[in-house]
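Got chain A; can you put chain B on it based on the hints?
These protein sequence lines are chains A and B, in that order. Reminder that position 177 of the first sequence reads as 177 in the working numbering, one-by-one numbering, no gaps. Reminder that position 274 of the second sequence reads as 1274 in the working numbering, one-by-one numbering, no gaps.
It is possible that part of the hints are untrue.
Derived CB-CB ranges, DEER-like [what the hints assert, rightly or not]:
#1 Thr1016/B - Met156/A: 54 to 60 Å
#2 Thr1016/B - Val12/A: 37 to 43 Å
#3 Val160/A - Arg1100/B: 41 to 47 Å
Derived lysine to aspartate or glutamate pairs resembling EDC-like cross-links, with alpha carbons at most 20 Å apart [unchecked claim]:
#4 Lys1237/B - Glu1258/B
#5 Lys1307/B - Glu1258/B
#6 Lys1105/B - Glu1073/B
#7 Lys1105/B - Glu102/A
#8 Lys1105/B - Glu1044/B
#9 Lys1105/B - Glu154/A
#10 Lys1322/B - Glu1258/B
#11 Lys1322/B - Glu1213/B
#12 Lys1200/B - Glu1258/B
#13 Lys1200/B - Asp1087/B
#14 Lys1105/B - Glu100/A
#15 Lys1105/B - Asp36/A
The set of hints was computed from the structure by calculation and includes no laboratory data. Computed from a predicted structure; not experimentally measured. Even for Gly, the Cβ is constructed at its ideal location relative to N, Cα and C.
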Amino acid sequence: MRMTTAVLRTNVSTMLASARMRLLNLARYPGQLVMDFIIPIVLASMPILLGRATAGDQAAAVFEANTGTGNYVAYMIIGSSVFSMVSYAFWHIAYWVRWEMETGTLEALYLAPTSRLWVASGVGLYSLVRSVISMIVSYFLGSWILGVNPLQGELMLAFVFILVGAVPLYGVALLFGALVLKF
Amino acid sequence: MIGTVQAADLSKVYQTKQRKGLFKAERRDVDALQEVSLEVNQGEIFGLLGPNGAGKTTLIKILTTLLLPSSGEAFVNGHHIEKNSNDVRATVGCMLMGERGLYWKLTARENLVYFCALYHLSPQARVRRSDEIIELLNLGDIADRSVETFSSGQKMKLAFGKALVNDAPLLILDEPTNTLDVPSASELRAIVRDLNDQGKTIIYTTHIMAEAETLCGRVAIIDRGRLLAVGDVPELKASLGRDQVTRIEGVIPAKAAEAVRGLSMVRQTTLSAENGVNCLTVMSSNGKDTLPKLIETLSASGAVIQKISPEEVTLEDVFIAKTGRTLAEDTRANSR
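Chain A with its partners taken away, still in its complex shape:
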């Protein structure tokens, strides 16, 4: 099919409907949302507390000497959030495919004359929105819990890097989803 403006508009509309439906579905599981916010904090807390316990007062200085920033708490929370985002990208997409297969909704999707790529893009968009929201909430919540200023350093630059990295990440995740579907 030629990609005219009308076709593109239709496909984008399908993608948005696909993402919206999954976000609606997620909203019906509030416990899952809370877990999304908590997991990166728990992941970051373990090395942070371990570092404090072993390096004591010099922890920030030693960390700055090695990484260029003394704010190791924010550094670790951003790191764990990125880890969560990568993990979610694979889980959301691979699990989505498997889950839809088991519930029978994948067949319903295949019965429709819509592009599977755009539906999958909708799932990618859903996963990205979910990950970014959980990353932002986790970052500010974790900073507050661990007592650091969240607004110092090149925060926006880190965010831009993460978003640029999301494009190939979701490409690989979709490929992984295709493998799950195949096997």
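Relative to the frame of chain A, chain B by itself:
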């Protein structure tokens, strides 16, 4: 042509794995469909009859482009199922797998709006179409409740509604009254009839012969992947010739049924058990003449006869004549 199906020599072979221990598996070919050819005409209700595992769903999945045939070809609404699969999907409304295929955490309305989006309806049209379906199926009271809170019947109704989102000229309904109670099944059949009156062609699969008899104009009997018969319901019944069907209830040992089968005028017998009572169905070339001999043979073989009733030929009898088994018996065996 819109509202029609032409299938020629459709076959489907599945490869299954027979697990042998931890890692070993033996591949096996299963012929799910064997050279099925049929035509469905515009504006008719066409019944696909057969027990579970007969190949009905495989045939439907091929016609709706979910499966590729191993050989053969088909046209749905004038579109080739492999070359123009998107056109086929756009012009078919399909209900497969009953209440599965719905998002249980979403409401009925949210489900319908989402499925409308998959058929490229504009946001305004999605809402409008969903409202129409909710009204048609009388789902207004529960439209904004999560599907997980629905009864089985309500889920089936919604799954049926999902098949209507694109207002397609051809509806393919795979056992839509499964799990419905009697009034709901009857209500759904009435809606199917109304849709047919509006000009929609309907392919209706069922293993309930009485349902097919009341609803369908033409039927195809399919069993073990083979198409055994196609025709109008009266035509199929007439195809049994002057055969008469006699049902005998009581305590009927297998050897008695065997003895009856040996009688020259008996064409076919089927022994089944219903509610603890044996039921022997006998098809013979001349019922009246056969009856005394039948009673004599059964009594001599130790059978205790409780009831004998000559019956009109039904589609079930046509199925028995074609397969040598009752549908209920076959459905039970396949679901084990």
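Hint numbers not upheld by this structure, sorted from lowest to highest: Hints 4, 6, 8, 9 and 12 are the ones this structure does not satisfy, whereas the remaining hints hold.
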